Amino acid sequence: MVRDLGASDGTRSEDIVHHLRICTLKNSQIIMGGSAVDLDASDFPRVVGEYNFLVVWRLCLPYWLFEWLQYVPIFPHARFRVQSSDKLFALGENLCRQAAKTQAESSQDTNVHQLFTDDSAKYPTQSWTSPELGAEMAGQVLAATETTSSALAFIYYELAKNQQLQKELYKEVIAHDGYEELDSLKLLDACIKEGLRFRPPVALTGSRMVPKGGLNVLGYYLPAGTVLTTQSLSMSRQRPDLFPDFDSYNPLRWIDAEDEYSAERRRLVVPFGVGARRCPGGNMATYQMRLILVATIRAFKVTLAPETTPQAMEPFEANGYRSRHDRCDLVFTPHRV
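For what it's worth, our numbering labels the leading residue of the sequence shown as 88, then goes sequentially.
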């Protein structure tokens, strides 16, 4: 990704969303299927972007319309959007085929596909069919790539807007070397934590069913069987006493912020959910964000492209928070040593 961004040498803008989707796909395919898996990423950024909006369409449009659009060539954009779910499923099936071939030749890699197939061998009554496994792999890849790339795109945008903050982050990352020091970079950690608070990539987290006897929540009685969920974006915005200037991106609120409210602040930022149903890839996503940010901020000065306006970057809820046009154009100028 650093090589691809550097190819323009700062002479033109780059859509960082596009680059991030390819980068996170390349990373996640190793986790899902092993190091020998090599998926075609050429169409992937567009497929993911259209699928996000397809999810919204499915909530409000009749089923027959999707069937009709699949076969009508006069609306190519809508047709591609409707077909995006099939394209994702095909990617999942391809991943399974490559992972199975690698697994048969060598058992050195431990990956998600191997864990699923090992489980099927151990518990035949709970085995996966090929379509089920392909769909699961497609879902896992989508979850592993889209959330991370969306969150990072907004963080890059905020860093490009705030050059002083970016300079401080640059000083921090060049002062440390080696992966083992990533956890000690306080400003880097604060930039990521604030990005996940300010523009969480997943809209709804932590759905639970109200137990027998009902439940009182914030003065409202909810009968048993009601599905209750939380909204990631609003949680920190409900408490201006804990998050002054809550509608601004301010990583410094997390720097040396140990006071009587620190634990409560952290409790209200839950981009990956909580409890037994917490996103299993949350730690991987955070570590991946650290690696990508360090590599790019060390290599480039990031500035806004003229077309990247506040209006263009207005958040839009489409299977999670995305920029309104599902892109973020920035200029990556290499640091001259």
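Note that these hints are calculated values from the structure, not bench results.
Fair warning: this is a prediction, and the values are worked out from it, not measured in the lab.
Heads up, the beta-carbon is just placed ideally off N, CA and C, and yes, glycines get one too.
One thing to keep in mind: the hints can contain errors.
To be verified - In silico DSS-like cross-links for lysine-lysine, where the CA-CA straight-line distance does not exceed 27 angstroms:
(1) K299 - K388
(2) K273 - K188
(3) K258 - K174
As the list claims (entries may be wrong) - Computed spacing ranges between beta-carbons, pair by pair:
(4) T420 - P163: 51 to 61 angstroms
(5) E401 - Y150: 26 to 36 angstroms
(6) V314 - E401: 42 to 52 angstroms
(7) I261 - Q157: 43 to 53 angstroms
(8) G312 - L148: 21 to 31 angstroms
- When the hints from earlier in the document are held up against this structure, which numbers fail? Those not satisfied are hints 1, 2, 3, 4 and 6.
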